[in-house]
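Chain residues, written in single-letter form:
2 protein chains.
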Amino acid sequence: MQFHHHGYVSGDPRVQPAAGTGVNRPDDLPGVVDVLIVGSGPAGMLLAAQMSQFPSLTTRVIERRDGRLPLGQADGIQPRSVETFQAFGFAERIMAEAYNIGWMNFWGPDPADPSRIVRTARTEDYGYKISEYPHLIVNQARVLDYFAEAAALGPARIAPDYGVEFVGLTVHDADAGHPVEVRVRHVAGPRTGQEGSIRARYVVGCDGARSRVREAIGRTHVGSAAQHAWGVMDVLVDTDFPDWRIKCAISAEAGAILHIPREGGYLSRMYIDLGEVAADDNHRVRETPIQEIIRRANAILHPYSIDVKQVAWHSVYEVGHRVTDGFDDVAPGDDRDPRVFLTGDACHTHSAKAGQGMNVSMQDGFNLGWKLGHVLTGLAPASLLRTYDAERKPVAQQLIDFDREWSSLMARKPAEISDPQDLATYYLGTAEFPSGFMTQYEPSQVVGDATHQALAEGFPVGKRFTSSEVVKVADGNPVHLGHHARADGRWRIYAFADRPATGEQSALAEWAEWLNAPDGPVRRHTPTGADLDAVFDVKVIYQQPFEEVVLAAVPEVFRPRSGPLGLIDPEKVFAAAPSAWTRTDIFDERGLSRDGVVVVVRPDQYVAAVLPLSATAELDAFLTGAFLPQREPVAAGAAPR
Amino acid sequence: MQFHHHGYVSGDPRVQPAAGTGVNRPDDLPGVVDVLIVGSGPAGMLLAAQMSQFPSLTTRVIERRDGRLPLGQADGIQPRSVETFQAFGFAERIMAEAYNIGWMNFWGPDPADPSRIVRTARTEDYGYKISEYPHLIVNQARVLDYFAEAAALGPARIAPDYGVEFVGLTVHDADAGHPVEVRVRHVAGPRTGQEGSIRARYVVGCDGARSRVREAIGRTHVGSAAQHAWGVMDVLVDTDFPDWRIKCAISAEAGAILHIPREGGYLSRMYIDLGEVAADDNHRVRETPIQEIIRRANAILHPYSIDVKQVAWHSVYEVGHRVTDGFDDVAPGDDRDPRVFLTGDACHTHSAKAGQGMNVSMQDGFNLGWKLGHVLTGLAPASLLRTYDAERKPVAQQLIDFDREWSSLMARKPAEISDPQDLATYYLGTAEFPSGFMTQYEPSQVVGDATHQALAEGFPVGKRFTSSEVVKVADGNPVHLGHHARADGRWRIYAFADRPATGEQSALAEWAEWLNAPDGPVRRHTPTGADLDAVFDVKVIYQQPFEEVVLAAVPEVFRPRSGPLGLIDPEKVFAAAPSAWTRTDIFDERGLSRDGVVVVVRPDQYVAAVLPLSATAELDAFLTGAFLPQREPVAAGAAPR
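If you read the protein sequences in the order shown, they are chains A and B. Residue numbering for the first sequence is 1 to 641, as defined by our numbering. Residue numbering for the second sequence is 1 to 641, as defined by our numbering.
You can't tell identical chains apart in this list, so a pair holds if it fits in one copy or across any two.
Subject to a maximum C-alpha distance of 20 Å in a straight line, what follows is the list of computed SDA-like cross-link-like pairs (lysine to any residue): (1) Lys393 <-> Ser444; (2) Lys129 <-> Thr582; (3) Lys129 <-> Thr584; (4) Lys309 <-> Arg559; (5) Lys413 <-> Gly108; (6) Lys309 <-> Phe3; (7) Lys309 <-> Gly563; (8) Lys413 <-> Glu253.
Please keep in mind that the hints were generated in silico from the structure rather than gathered at the bench.
Between the sequences and the hints, there should be enough to build the whole structure, so can you do that?
This is the structure in structure tokens:
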């Protein structure tokens, strides 16, 4: 955490100074905004937290509920989401209160007496196998609390406008400044019943499975009409079931349960499979009483049982597998930039079995947030927004496919299961997907091609940047390189140095000089008057032990001055060689070329480009495609800013 | 973190439900209190956080300042303090914002040109060598913020009463209910100028080096009259000094600097030695201007230099080495229980060089808090309070001795230093002391003797309980056994099992049955109507892998029911054998007998007793000495509560 350099920070350094629209932010909804977020679920609140880093913009979040969500349904947190929480500053806190999934156990009928269940497999869960972060269970309401805090403490000081309902929208003229007219209605508070309209540059529908924004832009859910019903309950019990505090899948003759221990040490959640819903059911399944759900659970658990002492929450719901036909308001064949977007359940719905929904929704928001910020602040062309649908729709489809496969595997009748280890094998074999690490974006204006992938095998272009430990040269402390990438809307350029030491002639030094030149890409795309690292956070990783890296000889682009005092930021220079406090070398761990390599990473932590240090023209071309120029070209030899 | 078992917790689980005096706690200072804390520094605020766990008591904190401390002087945090922060629930947050001391470097004159300094040694700092927790630097103001939060979120909802000055006190009659009359004056806020008096059962002076409470009870500082002067500054600079972000000791011909990087990545603190103060100096040294301090720093740093861009804080101060002649109000030879106590700087002052002051002060508060809580709630006899002075005064003396030795080593002129590695060797060789782990309390009513120490070599009686990783049986997750011991005022009894498995006949099972008997010590010392684990948190650690421990066969005393629903707490049963997620075995790591051993730990985390499982009479006798009986003896065979 870096602070004090804009003046001494006496209080919590997580509270960023208010700026721009965050200074005297009006309580009332303004009539004109830059971004209107509809809904305060996981996608909407992540988006709010992200937009809070763009205080020159006006962002508002409307939510029909009259306040904070007291009890959410989603609770599975994949390692990718914990990475994301880290970027927003609250990973360590949510980890301290969440349930950590250490194991995934499987139960099936006892061959000797198939009316009784026995444990068929213990599987170490994938969290720590695949990431420095765990696989967690924590209530969605707490996730929203933390994003709300990040939104409120960011420079734009964003807080949801509760009790305001989305009624409809009209996109008037895509070329005008605030083309989207949104009609809203106050449904709580002193203004209840009042209607009004808001003009927005962009609108994001984060309003759930029955999204009105989706309806307003004429998008429709596509997918299987088949509905599967689940009874779900969060309960406190007396039980002799040995795995009450371990995640497990139970497949008995009497039915199937997905069992998820919850945070706090006592509560657990059970998803009880109620089977396919008949076409003429007409939601009658929803009337299944809680007593019936408990009865079924006990039948499945036999010879074990639960004596339910308290039901914290329960529900019966039906769900299909559906993806919306487009994630924005641009009709097929229409060649214009989008103005309205859909995220999360508003554009993909599926079962809860794989614990994916909230996670994918958050990544929708993370994908869209910086793009809105960059387009609206003039850093990037509006065409950047087309990549949202292009990147996220395939992810949603993959999610549906995975969920369908996993659900059907879990829904098998015991008789269909030849090898009880099947599920365990599938669970671990596919772990990269539910961890959130399989997403790979296709080449676009913000994702380069894989021409030079061999220089950095461990950083696949289009996938999220995998962190590794390095040593911070300034203080000799081990740090996770990826954890320095906070969700501040900036791009990262990591220069992994070639072999020569600091001060010696090297490809790195030449590259750094080019990058930092008066007419180089950093200055070209950084607004006049902004800090040199305001758009690109450029870091270097030397191959030497940290003791051998001479800070004073490190090229200036890695030691930019910033803030009111023009202090040098000393935390952009790293060393890869193992030290007293680290065991690994990131060059080895990520398969990086010892001749050096440049890895460009987007604000949402996805690898955008892998290039040799010599490929300055390619890097220049890539950045030219992704960004708009911010300054007049500078004549060669002229003094930099 | 355990919650939800007293009802579903929708918000931050760190917010405990208000209880007792925390419900409708009056804003105004009451005229009668149980505990009055004078001063809101590290000792006072830890004490407030601890007393917040005793909501049947009225505890108030008066502070003459009109609000939160904006900028504190102390900043060194030893690993023992981080352990303590963990017990109070904020270790992970403060670690995220603090500076981590990875290294301690030493600089001295270049033999080739003694006017120039060169690095003479790099030393890995001791934090992670000696503890699972780091050695940190973070401003005292933030430490106080976190304790204030813990005090405010605890059941008693304690917040300091700012703007109230301690004027004096009288101890009227040590046998009366509220014998201490304290005179106070409002010095800020609407009541400024008003005086009043408060009757208290106990008063704790946490009011710093110029303590008025100390004066009021007639205690005096004893020690060397010699005063040493220091210039200290927190500065933001431009510099070519390579170790600006590394802790170092610089001993140059031009003088000495202790250099401490501060949290936030930019700011560092320099202590510049201004030498012994002449007897007739009359505080003239305090007038040393900041320019002179900077000039001296630059002279010492030559050939490097600092260009100071901003001085966040600076001071010149003189300090001696002094310990107060008693830490309570009981005169030597007087045989009564104390009513007034001194903590922190009020009873020990010394240099800042070893970074110890705030840490030792906090342990003063941790030592005293539970004792006050237990005596006032009737769990323990008032004689327990005599152990505060007996235990903490020797620690203060050790601190002074260590600080004097360290200071004089660091104050040596370069010519006196034969081996430049001297300091580095001393620094690491004595690391257990500045880590806070050397404190060892003598036998008393709450510390047993070392008769059976050989059964648990790694848990020395009288020293703080060193944590190790074990596996939580209920969910198979690795956990630090010590981290389950929160600062909730409870004692811990750890039963390390003998070899037999759960369900088999064993010494453990016999011991557990004895402990849990209707006339056993747990029920004898637990108030009627309280949860069975309200006073003693009894845990078991089996030698087997967690998969082999059958929870249903674990004796009941390790699976007590608690809370309104009478749910079984599943988090008291652990397994020692290495598992998929742990590498160590606590029996090996701590040298524990495979025949089993009982380790009794106090609420402040100090080991009180080590006993074999067979020594029930000895354990009974120890507990009888430490606690008061809470119930009438139960006839053998009668039904328990």
